[in-house]
Amino acid sequence: MREVTTEKTTHPILIFWIIAGWVGLLILPWYGIEDGFFRFEWLFGGYPWDSDYAPAAFLLAQGEKLWLAPLVLPLIAPFLVLKRQKTDPLYAQILIAAGALGFAWLIAQGFGIGIRGWSFDWLEAVFGPLDNRQFGMGYGALVLASSYLFLFTQGIAARGAINGDVFVVSAVSGVIVIVTVFVFFPIAKMLLAAFATDDGGYSIAVFISKFFDDRIWGLSCVIGPGRCGVAWNSLILAVLVGFLTTALGLVFALVATRSSFRYKRALRALTVLPIITPPFVIGLAIILLFGLSGSVTGYVADLFGVRPTRWVYGLPGLLIAQILAFTPIAFLVLIGVVEGVSPSMEEAAQTLRANRWQVFRTVSLPLMRPGLANAFLLGFIESMADFGNPLVLGGNYDVLSTEIFFAIVGAQYDQSRAAVLAIVLLAFTLGAFYAQRFWLGNKSYTTVSGKGDAGVHPHLPRGLYIPVYTIATFWAAFTIIIYAMILYGSVVELWGVNNSLTFKHYITAFSIDFEQIGVRRWTGSAWDSFWTTIKIATIAAPLTAAVGLITAYLLTRQNFAGKNAFEFGTMLSFAIPGTVIGVSYILAFNVPPIELTGTGIILVVSFIFRNMPVGVRAGIASMSQLDKSLDESSLTLGANSWQTFRRVILPLLRPAILAALVYSFVRAMTAISAVIFLVSAEYNMATSYIIGRVENNDYGLAIAYSTTLIFVMLAAVGVLQLAVGKTRIGRRSTHNSGG
Amino acid sequence: MANSQINSKAASVSFQNVTKVYGKDVLAVDDVSLRIEPGTLVTLLGPSGCGKTTTLRMIAGLEMASKGTILIGDKDVTTLPATDRDVSMVFQSYALFPHMSVMENVSYGLKFSGFNKSESRDRAMAGLDLVGLGDYASRLPSELSGGQQQRVAVARALVLEPQVLLFDEPLSNLDAKLRRQVREEIREIQQNLGLTVVYVTHDQEEALAVSDQIVVMRNASIAQIGTPRELYDAPYDRFVADFIGEANLISCSIEDVKGDVAEIDLSGYRYKLPSRGMKEGPASIAIRPSRLRLAKGQSGEGVNAQIEKATYVGSRMEYAISTDFGQVFAVVDDVDTPFDLGDAVMLSFDAKGPVLLPSS
Numbered sequence: 000m001r002e003v004t005t006e007k008t009t010h011p012i013l014i015f016w017i018i019a020g021w022v023g024l025l026i027l028p029w030y031g032i033e034d035g036f037f038r039f040e041w042l043f044g045g046y047p048w049d050s051d052y053a054p055a056a057f058l059l060a061q062g063e064k065l066w067l068a069p070l071v072l073p074l075i076a077p078f079l080v081l082k083r084q085k086t087d088p089l090y091a092q093i094l095i096a097a098g099a100l101g102f103a104w105l106i107a108q109g110f111g112i113g114i115r116g117w118s119f120d121w122l123e124a125v126f127g128p129l130d131n132r133q134f135g136m137g138y139g140a141l142v143l144a145s146s147y148l149f150l151f152t153q154g155i156a157a158r159g160a161i162n163g164d165v166f167v168v169s170a171v172s173g174v175i176v177i178v179t180v181f182v183f184f185p186i187a188k189m190l191l192a193a194f195a196t197d198d199g200g201y202s203i204a205v206f207i208s209k210f211f212d213d214r215i216w217g218l219s220c221v222i223g224p225g226r227c228g229v230a231w232n233s234l235i236l237a238v239l240v241g242f243l244t245t246a247l248g249l250v251f252a253l254v255a256t257r258s259s260f261r262y263k264r265a266l267r268a269l270t271v272l273p274i275i276t277p278p279f280v281i282g283l284a285i286i287l288l289f290g291l292s293g294s295v296t297g298y299v300a301d302l303f304g305v306r307p308t309r310w311v312y313g314l315p316g317l318l319i320a321q322i323l324a325f326t327p328i329a330f331l332v333l334i335g336v337v338e339g340v341s342p343s344m345e346e347a348a349q350t351l352r353a354n355r356w357q358v359f360r361t362v363s364l365p366l367m368r369p370g371l372a373n374a375f376l377l378g379f380i381e382s383m384a385d386f387g388n389p390l391v392l393g394g395n396y397d398v399l400s401t402e403i404f405f406a407i408v409g410a411q412y413d414q415s416r417a418a419v420l421a422i423v424l425l426a427f428t429l430g431a432f433y434a435q436r437f438w439l440g441n442k443s444y445t446t447v448s449g450k451g452d453a454g455v456h457p458h459l460p461r462g463l464y465i466p467v468y469t470i471a472t473f474w475a476a477f478t479i480i481i482y483a484m485i486l487y488g489s490v491v492e493l494w495g496v497n498n499s500l501t502f503k504h505y506i507t508a509f510s511i512d513f514e515q516i517g518v519r520r521w522t523g524s525a526w527d528s529f530w531t532t533i534k535i536a537t538i539a540a541p542l543t544a545a546v547g548l549i550t551a552y553l554l555t556r557q558n559f560a561g562k563n564a565f566e567f568g569t570m571l572s573f574a575i576p577g578t579v580i581g582v583s584y585i586l587a588f589n590v591p592p593i594e595l596t597g598t599g600i601i602l603v604v605s606f607i608f609r610n611m612p613v614g615v616r617a618g619i620a621s622m623s624q625l626d627k628s629l630d631e632s633s634l635t636l637g638a639n640s641w642q643t644f645r646r647v648i649l650p651l652l653r654p655a656i657l658a659a660l661v662y663s664f665v666r667a668m669t670a671i672s673a674v675i676f677l678v679s680a681e682y683n684m685a686t687s688y689i690i691g692r693v694e695n696n697d698y699g700l701a702i703a704y705s706t707t708l709i710f711v712m713l714a715a716v717g718v719l720q721l722a723v724g725k726t727r728i729g730r731r732s733t734h735n736s737g738g
Numbered sequence: 000m001a002n003s004q005i006n007s008k009a010a011s012v013s014f015q016n017v018t019k020v021y022g023k024d025v026l027a028v029d030d031v032s033l034r035i036e037p038g039t040l041v042t043l044l045g046p047s048g049c050g051k052t053t054t055l056r057m058i059a060g061l062e063m064a065s066k067g068t069i070l071i072g073d074k075d076v077t078t079l080p081a082t083d084r085d086v087s088m089v090f091q092s093y094a095l096f097p098h099m100s101v102m103e104n105v106s107y108g109l110k111f112s113g114f115n116k117s118e119s120r121d122r123a124m125a126g127l128d129l130v131g132l133g134d135y136a137s138r139l140p141s142e143l144s145g146g147q148q149q150r151v152a153v154a155r156a157l158v159l160e161p162q163v164l165l166f167d168e169p170l171s172n173l174d175a176k177l178r179r180q181v182r183e184e185i186r187e188i189q190q191n192l193g194l195t196v197v198y199v200t201h202d203q204e205e206a207l208a209v210s211d212q213i214v215v216m217r218n219a220s221i222a223q224i225g226t227p228r229e230l231y232d233a234p235y236d237r238f239v240a241d242f243i244g245e246a247n248l249i250s251c252s253i254e255d256v257k258g259d260v261a262e263i264d265l266s267g268y269r270y271k272l273p274s275r276g277m278k279e280g281p282a283s284i285a286i287r288p289s290r291l292r293l294a295k296g297q298s299g300e301g302v303n304a305q306i307e308k309a310t311y312v313g314s315r316m317e318y319a320i321s322t323d324f325g326q327v328f329a330v331v332d333d334v335d336t337p338f339d340l341g342d343a344v345m346l347s348f349d350a351k352g353p354v355l356l357p358s359s
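So the protein lines, in turn, are chains A and B. Counting in numbering that gives the first Met the number 0, the first sequence runs without a single skipped number right up to 738 at its last residue. Counting in numbering that gives the first Met the number 0, the second sequence runs without a single skipped number right up to 359 at its last residue.
Excised from the complex, chain A in its bound form (with noise of 0.2 Å):
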C-alpha cells in the first residue's frame, strides 16, 4: 500500500455509495412500480406522496410502513468515519456494523411482511395481527440494498480483508449476492415448493410420495406392460446423446486437425450452427424428412409399398435431432482439447517406439480425456434441459423437461410436482457434473508447459482413418441436408399436402404496412415478439459479459479464502437445466419482497445467469494467456485493482469480451428452456411464440421464424467476426521450426 492512499482522510468511494443510499431512500420510489419504472408515469401519478410511488422517506414521514424507519440510521452512521483514516478501527468497525445491520434489516423486513401482512405465522404469534401489508422492493430498495453492501465491504476491506482491496472486496461481495439471489434462493425456494402440501404446510410424506411416483420412476417398460418413469426417459436419451455427441465431436475433431482433408474450413463453420440455431428447429427438420407426411416417409411409402408411420416420434426422433444439435457442441470443445495436446508429448512417445495406434491409444486420447468428460457433460446436460425436441418431437415418450412445464401450466397446476420433477432433473445434472469431476480426479493434463515446443501433430494411424472419415462425410452431408431442408421448408405452402412455393409464411410473419406515407406499421404477426426478443437480447448481453469477465477476473487474478467454493457457486448454474431455471424463478420471484415475474427484468435477469458460465469460461481462457507480471506492473506503478482491471486487462481482452457479448445476444435470441415458463403477453419471446406455432400445427409459420432467426443470428456473429479479426495483439506464430 502506498502511503498516499492510506493518510488521506477523503475517501470518495465511500462517499459516493452514502449520497446514493440517501437517493434511494429520499427520492426513488420505494415499492416496485406496477407500469414499470421507465416509463416515468408514476412522477405524475402523485409522487412523493402516493403510497404506491412513495419513496421510504415520504412513507415514513406520513407515518406508514413504520417497519422502515430502522433503516434510517445505518444511514447516519457513516457519516462520522468521514473525517477518520482508514487505519482507525473505528473507519472499519462503523462501516461493518452500519452496512450489516442496514442489509440484513432490509432482508428480514423484505421477507417478514408480504402481501397478506406478516409472511410466518410465529411472527404474528409474537407480534400480534399486522394490518399493514407491502409488495416487491422496487429501485429505491435496491440502490438502498446496494448502499448498505457496500459499505459493508469498504469496511471489512479497511480491516485489511483481501489485501485491504475495495474493488476487489467488493466485487466478490457484489457477486456472491446476485449469485445467491438469482441462482441459490430460487433453488432453495424450489426445494421448499417440493415439500409443500395443498394447504400450505410442508411434510416429508408428501414430498416422499410425489418423489417416488410411479410415474416418474416406473419400470414397467422393462418389467411389465406400460411406459417406463419419466427420469428413465430422460436419462436413457441423456446418456445416449452424451455419448454420441462426444464420440462424433471427436471424429469430426480428428478430421479438422489430424488428417491432410481438404475441407476443414468447411467443417469448423460447423461449430457456428448451434450457436445461431434454436434447438427445436432441428426437430422441426426432422419431422420435415421423417415425419408423417416427411419427404423420406413419403418416398419410402412409395417405393415399398408400406404405410407411413410415426416411428420418428420418440426416442428415434429425440436422438437424431439432439445428436444433429448438440454435435457441433462437442467439437468446439474437442477441437481445441484435440489441438492441445502438445505435439512434443506425441514424438516423445513415437521415439520411444510406439506405432502411431499405440501413441493414438496410450497417449492422446489419454489426455484429452478432461475435453472428452467435458464435451460428454455438455451432452448430457444440453440433452437434458432441452425443451424444444421434445416437445415438438417427443410423442409418447416423455421426458422431463416437458412434464415439469405441463406439470406448471397444464390443466394439472400442479406446483409441488413441478418442483419435485425440477429437483429429479437437476440431481441427475448435479450428479453428472460430479461424476465428471470425479472421473478426471487430481491427475494434471496440462500439456502446454509455455517451454519450447517444436513440432507437429502426427496423423491418424491408418485403421482408425477410413471409418472417421466415412462417419465424418454422412454426418455433414445429412447436416446440410437438414438445414436446406429448413431454408426450402419455409417456402412451402403445406409441407407433404401442398408443395407450391409461397413466400406467404414470411408475409404473414413480417410484412409492414406502408398505409400512409412515412408511417409504418409492423402488421406482421411475428414482429411484437422479434422486437422483444430483440430488445431483451440487447439488454442482457452486456449485463452478461460484464459480470461474467468480472468473475473470471476474480477467479484468476485474485486469490481470497473461499475462492473455490466461490467458483463453485458461480459455475452452478451451467449444470442447472433452463427449465428448472424457470420453475424455480416463478416459484420464487412471484411474490414480494422479489416481484418480477411478467416482466422483461426477470427475462433478462434469466439470461444472465443461464449464459455467465459461458462468459466466465471465456473470460478464464484469455485471462490466463495474460502474464501476470502486466497486472503487477500497474500495481507497482501506482494503479488501484480497478484501474489495472480498466485500464491493462480489458483492452487486452477486447476479443473476449466480443464473444461473450455476442454470444450470450444469441443465446438470449434461441433460447427456450427457461423462458417458456417466463414469458408474458407483454413480454414474449420469438422462441416461445414459433413453439406456439408449432403446437398449433402451423409449421410453414414456425419455419419460416426460424429461418428469420438464423439469418439474424448469422449477420451477428459474422460481425463479430469481423470485429475480433481486426483487434488481433501483434504475436510471433506459434510455429517456430527449431534451430
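Since the hints were derived computationally from the structure, they do not count as laboratory data. Ideal Cβ placement from N, Cα and C applies to all residues, glycine included. Please note that the accuracy of each hint is not assured.
Now the in silico label distances, taken between C-beta atoms and shown as ranges [stated by the list, open to error]:
no.: 1; chain 1: B; residue 1: Leu70; chain 2: A; residue 2: Val716; range: 53 to 59 Å
no.: 2; chain 1: A; residue 1: Trp438; chain 2: B; residue 2: Arg228; range: 55 to 61 Å
no.: 3; chain 1: A; residue 1: Val716; chain 2: B; residue 2: Asp174; range: 43 to 49 Å
no.: 4; chain 1: A; residue 1: Ser258; chain 2: B; residue 2: Gly276; range: 54 to 60 Å
no.: 5; chain 1: B; residue 1: Asp24; chain 2: A; residue 2: Val295; range: 48 to 54 Å
no.: 6; chain 1: A; residue 1: Arg646; chain 2: B; residue 2: Val334; range: 47 to 53 Å
no.: 7; chain 1: B; residue 1: Ser358; chain 2: A; residue 2: Leu364; range: 57 to 63 Å
no.: 8; chain 1: B; residue 1: Gly276; chain 2: A; residue 2: Arg360; range: 56 to 62 Å
no.: 9; chain 1: A; residue 1: Leu651; chain 2: B; residue 2: Asp174; range: 28 to 34 Å
Mind docking chain B on chain A? Use the hints.
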C-alpha cells in the same frame, strides 16, 4: 540383476548429402554430410534458425529428409518413421506424459519393445536409480521439480538402450547452477555407458564443456566440425571464431609468406604466425581476449592503444581498448595493478595467440 543393467548398443550416425525443405522453398538443411562415431558425444551448435533442431529431428525420424541418405550403424533409415528407429530423444520441454506416474513414463517405451511386465519394471527401476530418482517412481511429473523432470526424461530415453540418444536443448529450462550439474551428469552417463549422443544447443560454453566433437551450423549448412579445442584455437572463419567463445576480429594484411609462416602487418606491428595456406594480401586475424598483452607506456613491440573502459569482475579485469583498427576487448588476470581510464598502453599478442582467417 545382470539383465536389468543398462547397456550400450551405441552405433554411428551418417548423413550423406541430406537436404530438408519445408513447404516449397524454405531450406532448413542444405546438403549436409557428416559422420558421428559410435560412443561419442557430438554437439550441434549454432544460432537459432540454423537447422540444428531439424537435423536432430531427422535423426529421430520426426522429420523426413527431402534428399540424401541417413544411416544409423550400417542400416539405411532414411525412410523409417521414429517408431521403427532405435533412437530415443530427450525433449526441450521434457514431454513427460502428465497422466502417467514417473514409473509409467519410464517403462512406457519398454512396453512396446517386447519386454514383459516385471522385466520392464526392473529396467525402468535401474534407469531411475541411474539418475538418482529411485524413490520417486510413484510420483506424477507435476509433483517433481524441473531438474527432476529432466532426469526422468533422460531415464526414459536411456532404458531403451538406444543406438543413438538425442538431446534437444535439454538444459534450457533449468537455472544456471543446475545447468552445470546436469550437463556434467549427462556427460558422465554418456562416458560410463559409452553411448552415442547427439546434442543440440545454442550455448557455446555448454557445447565446449560436454562434447567430443562440435558441429557448428550456419544457414542450414555446416560451418565447421572439430573438437572443442580445434574450434576454439583454430576456427576456419570469422563466423566460427566469433560464435565459439569471444574473439577480437581484426582486419590486417599478409606482407610475406615463407613456407608455413606468414608475416602480417597491423598498424606497423609485424607479427609472424602460421599461414594456414594463405597468400599475401588482405586477411583478418581472430584473437581471444585472454591472449592479448598490455604493457604500460608507448615503447616496445606492439601497437599504441588507449584504455577506454575498465571493468573489475572479481577474478580478472576486462578492458575495452581503442586502437587505430578499432576497438578490441582484452581480459587480464592481474587485478592488483589495473590500468586507469585513458592510460596509454602498448598492445601485443601472445605466442600462439592470433589465428589467421580469410578476410571476409
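* **Enumerated hints in conflict with the structure, sorted upward** => none
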